[in-house]
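Chemist: Okay, here's what each chain looks like letter by letter:
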Amino acid sequence: MSRRFLSVDPPDLNLWPTAKGLAGLWREQWRLVTLGLVCAFAMTGLSLAIPIVIRHAIDDAIAPTSGHRAALWPYLAVVLVLALLRFCINFVRRYATARTGIRVEARMRELLYQAYLRYPRAFYDRHATGQVVSRATNDLYPIRYFIGWGMTQGIQSLMMIVGIAIVLFLVNVKLAALALVAMPFVAVLAFTFGRKVMPISREVQQLKANVTEAADEAVVGIEMVQAFGREDDVQARFGEKAEAVRDGVLRQARIEAAFLPGLLFLPTLSIGAVVYFGGRDVIGGSLTYGQFFLFYQLLLQLVWPLEALGWILSLAQRATASASRSFAWLQGIESIPEPTHPTSLPTGPVGVRFDDVHFSYGTGSEVLSGVQLEIGAGEVIAVCGPTGAGKTSLLNLLPRFYDPTDGRVLIGGVDARDLPLEELRASVAIVTQRPILFSIPLRDNLTAARPDAPWDEVVAACEAAGVAHFAAELPEGYDTLIGERGVNLSGGQRQRVALARALVAGARVVVLDDPMSAVDTQTERHLVENLRPALAGRTVLIATQRLSTVEVADRAVVLDDGVIVESGTPDELLARGGLFTRLFGEEVSAAA
Amino acid sequence: MRVTALAVLGVCSAAAPVTALVIVKDAIDHGMRAHDKTRLGLDVIAYLAVNGLAWILQTTLVRGLARLGQDVVLGLRQDLFDHLTTLSLRYFSQQKAGWIIARLTSDVDALSDVLSQGLTTLVVNTLTLLAAIVGLFVLDWRLGLVALVILPPTLVLTRWFQVKSHAAFLRVRETISAMTAQIAESVSGMAVIQAFNRERAFLAEFDKANDANRQTNTYAQYLNSLFFPAIELLGVVAMVAMLWAGGRMLSHGSLTIGTLVSSVFVLNLVFQPLQELSDLYGQVQSAGAAMEKITTVLDTEPEIHDEPGARRAARIDGDLRIDHVSFAYGRDPVLHAIDIHVRAGNCLALVGESGGGKSTTAKLVGRFYDPDDGAIRVDGHDLRALELRSYRRQLGVVLQDPFLFAGTIADNIRFAHPEATDDQVADVARAVGVDRIARRFESGLLHEVREGGAGLSAGERQLISIARALLADPRILIFDEATSNIDRPTEILIEQALDRLLRGRTSIIIAHRLATVRRADEILVMEHGRITQRGTFDALLAAEGPFRRLASQLKGADQALQVSDATLPVTGSRERSSASVASSEPE
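So the sequences go chain by chain: D and S. FYI, the numbering for the first sequence is 3 to 594, going by the working numbering. FYI, the numbering for the second sequence is 815 to 1401, going by the working numbering.
Worth flagging that the hints you see were computed from the coordinates, not collected in a lab. There's no promise every hint is true.
To be verified - Straight line, CA to CA, 27 Å or less: simulated DSS-like cross-link-like pairs of lysine-lysine:
{"#": "1", "chain 1": "D", "residue 1": "K243", "chain 2": "S", "residue 2": "K910"}
{"#": "2", "chain 1": "D", "residue 1": "K243", "chain 2": "D", "residue 2": "K198"}
{"#": "3", "chain 1": "S", "residue 1": "K1022", "chain 2": "S", "residue 2": "K978"}
{"#": "4", "chain 1": "S", "residue 1": "K851", "chain 2": "D", "residue 2": "K176"}
{"#": "5", "chain 1": "S", "residue 1": "K978", "chain 2": "S", "residue 2": "K1177"}
{"#": "6", "chain 1": "S", "residue 1": "K1107", "chain 2": "S", "residue 2": "K910"}
{"#": "7", "chain 1": "S", "residue 1": "K910", "chain 2": "S", "residue 2": "K1177"}
{"#": "8", "chain 1": "S", "residue 1": "K1107", "chain 2": "D", "residue 2": "K243"}
What the hints assert, rightly or not - Counterexamples of contact, computed for chain D against chain S with all Cβ distances above 12 Å:
{"#": "9", "residue": "P12"}
{"#": "10", "residue": "Y115"}
{"#": "11", "residue": "V251"}
{"#": "12", "residue": "V277"}
{"#": "13", "residue": "E368"}
Quick reminder that beta carbons are idealized off the backbone N, C-alpha and C, glycines included.
Build the full structure now, drawing on both the sequences and the hints.
Modeler: See below:
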């Protein structure tokens, strides 16, 4: 019992390793990053140069301080050229930077998806599907915006702020000092706003999700609602949730209302100072109209970089938060270990042996406590037992969805953990309890386990599993698209497709976990008759609640509380009067 | 009233920045050039006052517009939902659940986005744009004309961008949802992907989706990267034109420096709103599309509704008559003039292969549909003459795969009778054996059921829904037996619960199990929408006819036949059966 459990829920990473991870991804795009930064630098220079040239145009050609009026057109021509240049450079900067973000996002997503493909079942038991999906989708957007906009914009904003400050101080120290006093508050305000509005917008998202849930429930359960005449109740419930969304959005709006106009007002204080003190200097002759213009214009240009810094700071927080979660998964979750010294399976039919197998899901008590079971090559065995006895857990050990906490699972005499995962899974075909089909044509669902399977084999499997019977009636036969966007198959039909898929796989070991639970009795009887020949030569484990399915098996074992309590042919077991009889015998005597 | 107030607010707050620049002009011309420091000081005070006023006005405006928009959204969402609950089952069977839910959520949200942030952006920026243009002409009409020269190309560019970026945005949305769907499907099907070594194929699929998303995003960003710098460029061109014209006028003495400088600043107020408005266009378009879809739902008339003059159903006795009823979902009739009479308190079992019309008959009794011909009468009243909800409150329904709502097991039992006390719920739970299921969980009856009952087996869900029906104390009960496999101990619990539930009520059972059929006072065999055989269990078994064949296929009979082939001692009495049922209980 000394085996440690795989960690499937690692804590979020700290800031430093997160930053390192992000920097690593950023560096992968170094060409675009460098291009973006060079352009940002050039942008800053041009954005400063244009108002400076206009300033000189005003002072030399439009409202000359001295008597001589210079020609205006050369100044304006220079401005136009600079503006054109700025347009090009601005385009390149934006495009290059945005692409960096998009690429990093796509790369992150790919890393996550590749990791998902390797994660053990325990991971998927622990995390809800929605959470796993959103970590590879919505959660990545802050990272994209931060890298694809925030970082370069932040650097450019800093350069711009420094540049504007330098120019202003060079023109007039006193006025610059007066004008710039109010400006840092713009950044503080923007940052505070970002921090305040974030949790609320997240809350609003949650409230919206609640509405979706309420809507979903009412729509799916409409028959119940109407049958009991409870429309008023669900309307009231839904109304409450909808009101909560409104209130959330209004709370968000109140914060916006408090901050955003303030962000516009603060700079006007600086401008007021410039108009007043600058105006006095103009009167006194120590400031020209052009310089006044320059001050005014540059202060306007300063507002956005300062605001941007505020946004970027709060964006950076969100980005690192979601990156720290993603990196925690990428670095902290171990895949199912591959063998260090891989062995191969012998050729021909293989048997299966559970050798004193213990298993628990990590939390709570043992589900399997010392299962000892030998299944001969080509034998069909039924695993029975009441709900919660451990049937599914036992079966899930074969394709190594989980590893036993103690003991061994042997296939063809080889410990499953010593087989390369791919070989093991190619040799074990499973039909899970809840049939999983993909939104692809029926044909592709059937051959999912073996895309190159000859079509006559597929057809034979479909015959045996009872798929052929309804496939012909589908709108496009075997080419019918399955799932939300196509045809929704019934539970029984889905199970039969999953069964056929496992037969097509051509695996030597077949694991069927209650494969016909949703199939109606008549169809089941028909299936059972065909199934036996289709399984010939393979080693088969079937978990089931039905006597008629048990009849397919050579032998049945009864699992209770994680141990095997009975074993024998179905008839022997029925006669014995033990747990097996209690599970299946009641029906017999009740109906006879 | 509220709208008028907001409109006035909007106009005032848009006029404020332009007014402030007119004041700046005055400060330059009459303060600086006239060397009048007092005038300069007064102007600056006025400038700050106007901006301060704008601050207050905008704060109020943002809040007011959000309030207005959200009230509209809330009303719409509630109306839509209320309307949906009145629509008939036919509607819900024709529309996919996901489609309906999208109307209530993403469509309403799209409207909400436009009405909250969008409305503010739209109102403030449109007004600012107009105020700025007016301001230009007020300052100097010639400069205003010069600035207008740049407006046509700007509008053309903006329009081009709107159209392009809207299309690009739609493609981004498509690729995002395709990619999300791919990831979601992979995650929920991971067991199969891994079990069948399909990782490489799925990774290839993913790469395709991820790449498509990257490309559409890149294109959308390309448009963005082009548009905003272009607007900036046009802004500079306008400024240069204005400086050129202004410089000439100034040298002729027909323009003051203050007017020129202020006009250049006003120009900023023209171009900034244009940028923000162009972002809005896509939002407004998708909101329009959303509203259209919402309207189609709101325009759907509920098929089942109270006729004028329908009367409240008093306590029903339960005498149920189906008189010559025919019915079709579409064109092909599903029921052909069937006649059924169930006396108050009796139990009727419907048997037959699927597609025979059993469920349809049950649904007509629940008045989920109205018959095309004939009538269904309860205690002699045509169902259509009764007030729908007063009738349904006396109806109990247990579905084959019952739907459980999010909440505790107790909440679910209480569903049809929300005012029931905890004791009443506990009593009912005990009476039908739900307490035994609940014991599996730490919090017992307060165990939270998730997503339609995940974590509970079909049998357990049905048991809970029996408790729900029992607590509702209906006069007429419709019970659709589960076909899926239920483990034996739960099945025994359901049988006992059914005994309790049927007592003293009129019931119609769609039966799949032999034991249930035996319980009925009368059995109808339905085939292709007609009743082909009727009678008591013993009479039907004795007679030639479809029932004998069907009986051998019912659950329970299945094992009986197989076992009688085997060499087991066959004990045939019903007493023996109930004795062994008792012995197999967990305690």
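Chemist: Evaluate each hint against the coordinates.
Modeler: To see whether the hints hold, each was checked on the structure:
1. Restraint check for K243 (chain D) and K910 (chain S): the C-alpha separation of about 23 Å stays at or below 27 Å, so the hint holds.
2. Our distance criterion of 27 Å between C-alpha atoms is met by K243 (chain D) and K198 (chain D), whose separation comes to about 23 Å.
3. With a C-alpha separation of about 24 Å, the suggested pairing of K1022 (chain S) with K978 (chain S) holds against the 27 Å cut-off.
4. Pair hint K851 (chain S) plus K176 (chain D) holds up; C-alpha atoms about 18 Å apart against a cutoff of 27 Å.
5. Distance check on the hinted pair: K978 (chain S) and K1177 (chain S) sit about 51 Å apart at the alpha-carbon level, beyond 27 Å; violated.
6. For the proposed pair K1107 (chain S) and K910 (chain S), the alpha carbon gap of about 14 Å is at most 27 Å, so the pair holds.
7. For the hint pairing K910 (chain S) with K1177 (chain S), the CA-to-CA distance comes to about 20 Å; that is within 27 Å, so the pair holds.
8. Distance hint between K1107 (chain S) and K243 (chain D) is fulfilled; the C-alpha atoms sit about 22 Å from each other, no more than 27 Å.
9. The Cβ of P12 (chain D) lies farther than 12 Å from every Cβ of chain S, with a closest approach of about 18 Å, so its non-interface assignment holds.
10. Against the 12 Å criterion, Y115 (chain D) falls within the reach of chain S, whose nearest CB is about 5 Å from its own CB.
11. Not every beta carbon of chain S lies more than 12 Å from that of V251 (chain D), the smallest distance being close to 5 Å; the non-interface claim is violated.
12. Not every CB of chain S is more than 12 Å from the CB of V277 (chain D) (nearest about 5 Å), against its label as outside the interface.
13. With 12 Å as the threshold on Cβ separation, the claim that E368 (chain D) sits away from chain S holds: the shortest Cβ distance comes to roughly 17 Å.
Figure legend: structure checked against the earlier numbered hints; hints not met, in rising order: 5, 10, 11, 12.
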